[in-house]
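Each chain, written out:
2 protein chains.
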Amino acid sequence: MGEKVGDIVIVSTGDTSEYALRAIVSLRGLSEDEVIVIKGRGDFIEKAIDVYNEMKSRMGDTLKLVKVNIGSERVGRRIFPYIEIKVKI
Amino acid sequence: MGEKVGDIVIVSTGDTSEYALRAIVSLRGLSEDEVIVIKGRGDFIEKAIDVYNEMKSRMGDTLKLVKVNIGSERVGRRIFPYIEIKVKI
Numbered sequence: 006m007g008e009k010v011g012d013i014v015i016v017s018t019g020d021t022s023e024y025a026l027r028a029i030v031s032l033r034g035l036s037e038d039e040v041i042v043i044k045g046r047g048d049f050i051e052k053a054i055d056v057y058n059e060m061k062s063r064m065g066d067t068l069k070l071v072k073v074n075i076g077s078e079r080v081g082r083r084i085f086p087y088i089e090i091k092v093k094i
Numbered sequence: 006m007g008e009k010v011g012d013i014v015i016v017s018t019g020d021t022s023e024y025a026l027r028a029i030v031s032l033r034g035l036s037e038d039e040v041i042v043i044k045g046r047g048d049f050i051e052k053a054i055d056v057y058n059e060m061k062s063r064m065g066d067t068l069k070l071v072k073v074n075i076g077s078e079r080v081g082r083r084i085f086p087y088i089e090i091k092v093k094i
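If you read the sequences in order, they're chains A and B. Each residue of the first sequence is one higher than the one before, starting from 6 at the first, in our numbering. Each residue of the second sequence is one higher than the one before, starting from 6 at the first, in our numbering.
Each hint should be verified, as a subset may be incorrect.
[To be verified] Estimated spans, in silico, between C-beta atoms of each pair: (1) A:Met64 / B:Glu78: 29 to 35 angstroms; (2) B:Glu37 / A:Ile13: 45 to 51 angstroms; (3) A:Arg79 / B:Asp12: 16 to 22 angstroms; (4) A:Thr67 / B:Lys93: 30 to 36 angstroms; (5) B:Thr18 / A:Asn74: 23 to 29 angstroms; (6) A:Thr21 / B:Asp12: 41 to 47 angstroms.
[Said to hold, decoys possible] The calculated lysine-lysine pairs, modelled on DSS-like cross-linking and capped at a C-alpha distance of 30 angstroms, are: (7) A:Lys93 / B:Lys93; (8) B:Lys72 / A:Lys93; (9) A:Lys93 / B:Lys69; (10) B:Lys72 / B:Lys91; (11) B:Lys93 / A:Lys61.
In short, the hints are calculated from the structure, not lab data. The beta-carbon is built from N, C-alpha and C at its ideal position, and this holds for glycine as well.
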C-alpha cells in the first residue's frame, strides 16, 4: 500500500475509451513512485476493468498493473462494493 | 502466482450468499499453500466482489485476501472482462 497516488480516475456513466485516454494522459505526468488509481463502484466495477483492459491493449507491456484492491464502502446511506486498480508505467 | 488453487468458485446467476457459503466450506479443506479462487466474468464481476465482501463480513480477519487478478478472456466468440479473487485462511 506504499504507492503515492498521482491521480484517481473515477469510472461512472462516461465512455470506456474516454476514461482510458484520461488515465493514459495522467500516466505521462507521473513521477517514479506514483500510481494512477482507476476506481469503480457497484455497476461500474465491470467498466473499470474494461478501462484497464483497453489501456492494456493500447499500451501493452508499457503498462504495469501494480495492485487491485476490492472492498465495500458507504456512499450516502448505501454500501457499495468497489474496485481500485492501481497502474503505473 | 505461486499459489496452488484448491478450488474455484465461478460466480454467475445464483445467490451471493450461496457462493459465499460454498467458498467458506471449501476454505476448511485447504492445505496451507492453497487458495480458493472466486471468479466472475462480465456482469458477474460485481457479484464476485459481493461474495468476497460477504465472506469478509462473516469471517473477519480469519479471511486473508491473497491477490486479485483482472483481465479479459475469450469465451466462445466473445471477449469478457474477468476478476479472480484469491483468498485463504
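Query raised in the report: Per the hint of 23 to 29 angstroms, is the separation of the Cβ atoms of Thr18 of chain B and Asn74 of chain A within bounds?
Result: At 26 angstroms between Cβs, range holds.
Query raised in the report: CB of Glu37 of chain B to CB of Ile13 of chain A, is that within 45 to 51 angstroms?
Result: 37 angstroms, violated
Report task. Can you let me know if the beta-carbon spacing of Met64 of chain A and Glu78 of chain B is within 29 to 35 angstroms? Result -> Given about 19 angstroms between the Cβ atoms, the range is violated.
Query raised in the report: Does the Cβ-Cβ separation between Arg79 of chain A and Asp12 of chain B fall within 16 to 22 angstroms?
Result: Given a distance of about 31 angstroms, which is not inside 16 to 22 angstroms, the answer is violated.
Query raised in the report: CA of Lys93 of chain A to CA of Lys69 of chain B, is that 30 angstroms or under?
Result: 25 angstroms, holds
Query raised in the report: Straight-line Cα separation of Lys93 of chain A and Lys93 of chain B no greater than 30 angstroms?
Result: 28 angstroms, holds
Report task. Evaluate the given range 41 to 47 angstroms for the C-beta pair formed by Thr21 of chain A and Asp12 of chain B. Result -> 32 angstroms, violated
Query raised in the report: Are the Cα positions of Lys72 of chain B and Lys91 of chain B separated by 30 angstroms at most?
Result: Between Lys72 of chain B and Lys91 of chain B the Cα gap is close to 5 angstroms, so the pair holds against 30 angstroms.
**Report entry** Restraint status (C-alpha distance of Lys93 of chain B to Lys61 of chain A at most 30 angstroms)
**Finding:** Satisfied, since the Cα-Cα distance of roughly 29 angstroms is no more than 30 angstroms.
Report task. Please work out if Lys72 of chain B and Lys93 of chain A have their alpha carbons no farther apart than 30 angstroms. Result -> Between Lys72 of chain B and Lys93 of chain A the Cα gap is close to 18 angstroms, so the pair holds against 30 angstroms.
**Report entry** C-beta pair Thr67 of chain A, Lys93 of chain B: status relative to the range 30 to 36 angstroms that was hinted
**Finding:** Cβ of Thr67 of chain A to Cβ of Lys93 of chain B: about 32 angstroms, so the range 30 to 36 angstroms holds.
Consistency with the previously given hints fails for numbers 1, 2, 3 and 6, ordered from lowest to highest.
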